[in-house]
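A.B. asks: Note that the protein sequences, when read in sequence, are chains A and B. If you're matching positions, the first sequence starts at 70 in this note's numbering and goes up one per residue. If you're matching positions, the second sequence starts at 100 in this note's numbering and goes up one per residue.
Note that these hints are calculated values from the structure, not bench results. Keep in mind that a hint or two might mislead.
To be verified - Where chain B lies over chain A, by a calculated footprint (3+ residues, C-beta under 8 Å):
id	region
1	73 to 85
2	261 to 270
3	286 to 299
To be verified - Result set (DSS-like, lysine-lysine): computed pairs, CA atoms no more than 25 Å apart in a straight line:
id	chain 1	residue 1	chain 2	residue 2
4	A	K163	B	K523
5	B	K523	A	K119
6	B	K163	B	K273
7	B	K273	A	K220
8	B	K481	B	K552
9	B	K523	B	K475
10	B	K264	A	K163
11	A	K201	A	K181
12	A	K169	B	K264
13	B	K239	B	K273
14	B	K296	A	K220
The model shown is predicted, which means the values in this text are computed figures rather than measured ones. All C-beta atoms in this analysis are idealised placements derived from N, C-alpha and C, irrespective of residue type, glycine included.
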Amino acid sequence: MLEVNDLHVSVEGNEILKGLTLTINAGEVHAIMGPNGAGKSTLSAVIAGKEGYEVTQGSILYDGRDVLEMEIEERAQAGLLLGFQYPVEIPGVKNIYLLKAALNAQRAAQGKGEIPAPEFMKLIKEKIANMKMDASFLQRAVNEGFSGGEKKRNEILQMLVLQPRLAMLDEIDSGLDIDAMRVVSDGVNSLRSEERAILLVTHYQRLLDFVVPDFVHVLVDGRIVKSGNAELARELEANGYEGIEESVA
Amino acid sequence: MATEEMEQLVRREYKDGFVTDIESDTLPPGLDEDTIAFISRKKGEPEWMLEWRLDAYQQWLKMKEPSWAHLDYPPIDYQEISYFSAPKRPEDRPQSLDEVDPKLLETYEKLGIPLHERAALAGVAVDAVFDSESVITTFKKELGEAGVIFCSISEAVQEYPELVKAYLGTVVPKNDNYFAALNSAVFTDGSFVFVPKGVKCPMELSTYFRINAENTGQFERTLIVCESGAEVSYLEGCTAPQRDENQLHAAVVELVALDDAYIKYSTVQNWYPGDENGVGGIYNFVTKRGDCRGERSRISWTQVETGSAITWKYPSCMLRGKDSIGEFYSVAVTGGRQQADTGTKMVHIGEGTRSTIISKGISSGNSNQSYRGLVKIGPRAKGARNYTECDSLLIGDTCGAHTYPYQEIGNSTSTLEHEATTSKIGEDQLFYCQSRGISEEDAVSMIVNGFCKDVFQELPMEFAVEAEALLNVTLEGAVG
């Protein structure tokens, strides 16, 4: 589904990713772990199309399409969706309005008409219940005045509504208490399917107890230095990143 | 062929007959006492009105054009302006929509303006009587039954001279400022509204419904009076882009609210802003002031300003009556080379007076916008309260936003809150929406509409929907 090949990315002249290669197939859950500053968030940001990142070498293919040639919204419409570490607030724009606009944009790209209001309400009610969110969230402005945990739930709510083919979750576990962690992980797990893939970016192993990945990659200094299964995450938890860095060096 | 020639011939004869009549009605450029006497005579005004005008003119001569605003425009030659022009002859106007700038029509389409109104707005020579006349008659009847007077100011001077005399110039004195003095001397049209004691006006009043709304001209004068316990909601302007031959507009609006009266005044201003270089746009110098004369009276200004090359406008409230309330909700959008210096004045005179100011400025392109607000609390205004919020949103990096808040506080029991933010339309916000699959253009409109929501919700329902559409059309292509 997604092929990242020898990806080099610079931000303001500093090379952050230095030849990253990664293949993700449908049905798989991948976790990218690594110390701060290793370039974890850069990878998902580049795939989603955030400005300010310069790809100097390498390629990203999604179902054979050159992702770097696609507009930001096109990527999302095609099913590449990024869950933010720090979701922004958009004052005055109701959550439900954003959800509807996003869903309709996706449908338009698929040649479908706008979703009928009753169908939309039914869908939203179901998903919001899954995320154990109060219906009043829908009428509030996007992320405005939300607590850290509420923002993260909101990100997953959007995923549940938009049903991406590749969900990229950037540090979705940061700032969550244990109850919120359960709800968020349940949400992520409900996305798991044969047709879909998930890419988790995380600093801590904790999330991976709840969402057990098929593959774990350790990212150090812009490169994947080690890949393995869920067991690798536990090793990291026990020995820290330094152990890995040393063994690589 | 033969018939067509015939028709041309007939038309020409008609035209010739018409011209002589009209030309005597149009003044050459220039301003002196004769000009004013001419206007007054044309309007069939009584002697006192002429004297009032001449007095204003004498005061204007002694005044200087203000230069403190953050505006830059070439000097205006007041002798180059024609102060009275009769309506454009039908044959000088576009004869059908086919002759109208297609871009303008496209905008009407986007704004959802009904077909029959488009022609009138574009200045097409439609037969004078259009469909809505019967509607207007019905409205007039309903207003009459309620005892509400709603007519042109010229008509009011003749029909209700005592009311006009009692209130005209009592809120905005003749010598209030340069542009108000000029307006007082030469005003040619505007509206008059009088809502008697205890009457709640049965409908929203709009200049649009006035039969003579066309060619309201550059020096409009509006006077609205609500007696004790009366209420009215007045809508001014139109979301459709309006063209006008007159470059300088200097209107005066006076509102008077007696005990427990409530006046809600909403404006959507979309005058021609000029071309990409700002050439040909309207200069809009307006004095708008409401006088909360009675106890517990309330005056609320809501404005959506998107047009004009130059805007100089500060709708204000004089809070005289005990516990009276003044409100100002504003959205100003500038693009291209537009310049706007706008804001409000809340003058707290009476005890327990309250005011709210919410101002949202959106600048794009090479435009420049300033918010200028004064909150003045007099020594007798014990327990007065003000809340001010002014937010600016910048789109791109070649535009400017400035905030000039002034506060003068004359006692120690008052409470003032002031919040101000300036933000660039968040690249993060844009990216967030786009990464949800929403196009950049839709994302901008979504973010901007969200930014303006506090003000839009103050607009009457229909107006709010139009204002949103207007904002989207105005901001098209502002990004990227």
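A.B. asks: Each hint needs a verdict: does it hold in this structure or not?
C.D. replies: Tested hints:
1. 73 to 85: As far as the region 73 to 85 of chain A goes, the hint is violated, because 0 residues have Cβ atoms under 8 Å from chain B.
2. 261 to 270: Since 0 is below three, the answer is violated.
3. 286 to 299: It is violated: at least three residues are needed, and the region 286 to 299 of chain A offers just 0 whose Cβ sits closer than 8 Å to chain B.
4. A:K163 <-> B:K523: holds, 20 Å
5. B:K523 <-> A:K119: Since the Cα atoms of K523 of chain B and K119 of chain A sit roughly 17 Å apart, the hinted pair holds (cutoff 25 Å).
6. B:K163 <-> B:K273: holds, 14 Å
7. B:K273 <-> A:K220: violated, 57 Å
8. B:K481 <-> B:K552: violated, 32 Å
9. B:K523 <-> B:K475: violated, 30 Å
10. B:K264 <-> A:K163: violated, 50 Å
11. A:K201 <-> A:K181: The hint is violated at about 30 Å.
12. A:K169 <-> B:K264: Cα-Cα ~56 Å, so violated.
13. B:K239 <-> B:K273: violated, 31 Å
14. B:K296 <-> A:K220: violated, 53 Å
Against the hints set out earlier in the document, violations occur for numbers 1, 2, 3, 7, 8, 9, 10, 11, 12, 13 and 14.
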